[in-house]
Amino acid sequence: MTQRILQVKDLTKIINKREIIKNINLEISKGEIYGFLGPNGAGKSTTLRMVVGLSKPTTGDITISGYSITNNYVKAMANVGCIIEEPALYEYMTGLKNLKILGAMSKNVSEKDIREAVELVGMSHRINDLVKTYSMGMKQRIGLAQALIHHPKLLILDEPTNGLDPQGIYKFRQIIKTLVKEKGISVLLSSHLISEIQLMCDKVAIINNGQIIKTAKVEDLLFSNQIYWTIDYPKKGKRILESKFDIEANIIDNQLVAKLPEHLIETVNTFFINKGIKIKYVSIKKKTLEDLFLELTAYKAIE
Amino acid sequence: MITLVRNEIYKMILRKKVILIIILLILFVGLFSYGENYIYNQRINAFLQESNQSNYSWENIANQRLERLKENLESAYIPERGIKSIEIQIEQLEYFIDNNINPITPSVARFNVEFVKQSITFFLPLLIIIIGADLISGEFSEKTIKILLTRAVPRWKILMSKLIALLIMTTLIVLLMAIISTSISRVFINRLGFDEPVITGFKLVNGELSTATVIQITSLRYMLLNYSLAWYVALVMSAITFMISVLVKSMGSAIGIIMASLIGGQFLQFFLSDWGLVKYFYVTNLDLTKYLTGSYQQVEGMNLVFSVLVLMTWAIISILISFLVFSKKDVLV
Chain L
1492 MTQRILQVKD
1502 LTKIINKREI
1512 IKNINLEISK
1522 GEIYGFLGPN
1532 GAGKSTTLRM
1542 VVGLSKPTTG
1552 DITISGYSIT
1562 NNYVKAMANV
1572 GCIIEEPALY
1582 EYMTGLKNLK
1592 ILGAMSKNVS
1602 EKDIREAVEL
1612 VGMSHRINDL
1622 VKTYSMGMKQ
1632 RIGLAQALIH
1642 HPKLLILDEP
1652 TNGLDPQGIY
1662 KFRQIIKTLV
1672 KEKGISVLLS
1682 SHLISEIQLM
1692 CDKVAIINNG
1702 QIIKTAKVED
1712 LLFSNQIYWT
1722 IDYPKKGKRI
1732 LESKFDIEAN
1742 IIDNQLVAKL
1752 PEHLIETVNT
1762 FFINKGIKIK
1772 YVSIKKKTLE
1782 DLFLELTAYK
1792 AIE
Chain R
19 MITLVRNEIY
29 KMILRKKVIL
39 IIILLILFVG
49 LFSYGENYIY
59 NQRINAFLQE
69 SNQSNYSWEN
79 IANQRLERLK
89 ENLESAYIPE
99 RGIKSIEIQI
109 EQLEYFIDNN
119 INPITPSVAR
129 FNVEFVKQSI
139 TFFLPLLIII
149 IGADLISGEF
159 SEKTIKILLT
169 RAVPRWKILM
179 SKLIALLIMT
189 TLIVLLMAII
199 STSISRVFIN
209 RLGFDEPVIT
219 GFKLVNGELS
229 TATVIQITSL
239 RYMLLNYSLA
249 WYVALVMSAI
259 TFMISVLVKS
269 MGSAIGIIMA
279 SLIGGQFLQF
289 FLSDWGLVKY
299 FYVTNLDLTK
309 YLTGSYQQVE
319 GMNLVFSVLV
329 LMTWAIISIL
339 ISFLVFSKKD
349 VLV
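Order-wise, the sequence lines are chains L and R.
This note's numbering applies: residue 1492 is where the first sequence begins, and numbers increase by one.
This note's numbering applies: residue 19 is where the second sequence begins, and numbers increase by one.
No wet-lab data here; the hints were simulated from the structure.
Mixed in with the good hints, there may be bad ones.
What the hints assert, rightly or not - Computed cross-link-like contacts, DSS-like style, restricted to lysine-lysine with a CA-CA straight-line distance of at most 27 Å:
1. L/K1672 <-> L/K1623
2. R/K297 <-> L/K1588
3. R/K102 <-> L/K1588
4. L/K1598 <-> R/K161
Unchecked claim - A short list of chain R residues far from chain L (calculated; beta carbon distances all over 12 Å):
5. L22
6. Y28
7. I44
8. R61
9. F65
10. G100
11. Y113
12. L166
13. P172
14. L193
15. Q234
16. T311
The beta carbon of each residue, even a glycine, is placed where N, CA and C say it ideally should be.
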């Protein structure tokens, strides 16, 4: 049986008479990495702020590990760790002191918990320096340690890789993945970058204008790549794809275009060559967020 | 809860505000006590030159000052309010001379009292503002409010811990003020004078000085009495500062608002003293020490109990507003 860690039900938020969040529903199970994808200003951050108690829902309820944040705030929050946008720390203290002060606010956070979190994020060597001497990536890592010291079941990360360099992003991703694998915690992470969601998440909810427009498994939604073949007989290719592989294909600008999983490309290519079709080149056009939105909104319009 | 309060105090100390406050206190106390001693010496010299005597006693100087005040009273340029104030001073001085109480020679005890009197309406509130204005607004402007409010602690507890920490620090500041002004002024002023008698309990009845309720206590007790009033004022100021810090998002505007209200309040007191509402404004009531000496009051119908109650009301309302606003606030930084 899968355990439900986070449930967001009919969440609405009205600020200055404007409906910023419209009736959002979400569910995250144990050990799941859930992506929250949408352009800037879509309402990702506002939703996450409500989940971590920084902002109050106008209507609807949020349940974390079985505790409602409206009726049982303390128990609900004991199960959450978070980084909301760039990590904010007390600059005039050392990294360690930051963690100690924050750890003292939760029950049962020992020195050992803090040390483990610091080791996990790889900050042991600089932990006794003042935070103002840290780089952005270091702050982010302390930010992550801060979110983990009390062993939460749910980790909320709002745009976690903003402002990090590629190496920092890579390390950050590795840490999150290890955490999920070893401790079985669930992660809800928001991003406006499709690649980030692709690399990390199991499930994704796409949000636009304060509404979730689609929820799906990442592979179903994002790996549906378009393959472009530039070949000498596109019509013949199309026939082969449709008859032999049962894949729908189109011809656009003299190119053969079809949707198929990447591992099938080789098989198809071999088949084409055997049938005497010369392949100039094959390219994979990855979907951008823009494409996805166009596709999703167009889909909706047809409905 | 104790842990939370300890956290808050730790943060305040690390921000080095306390050091700033100590430096300010040392500077001001040093300047004032040096100045007071300087003026005293000049007065003695002037007296000796005028009277052609080779030594002096405080009674002579007090009598001389009494004459000066009476001369002033004759002058046509002094407004009616000023006349009242001078009349009260004369009566007090006569009372001192009649009862053999020395109001002239500076002593550490008297300096303390004087320093409290001078600082209670502005300098002391300023120190409280330094330590309190960024208490909550600072967490917002540095965005650390995000890590503070996402812990498994209800918001009211976090605010409560900050309030308690501020009240503790305020108490500490008043203590520091007493310690620093005693020790630094000792450098310039030779007499401690803690056991000298002091008269207090003057009352203004219909604008006239009444000595019916006067009592005689030691300087030390009088000094402590002044400091406890200062402490009360400091606590009220910290409650008001606390509210402003909750209401605004940046430390700069918090300081601006409180300073403006302090300065504006002093203006109100001077220019609109006939307006009945003025006496309910907190700034008008800050100077509690004036009720001990029975000096002239700008606004009529005020007394110690009235001012204490007005200040208490302001403090309680400020704290209520702080909690109401803070518990509902959306954190969008």
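Practice prompt. Would you pick out the hints that fail for this structure and give their numbers low to high?
Written response: 1, 2, 3, 5, 6, 12, 13
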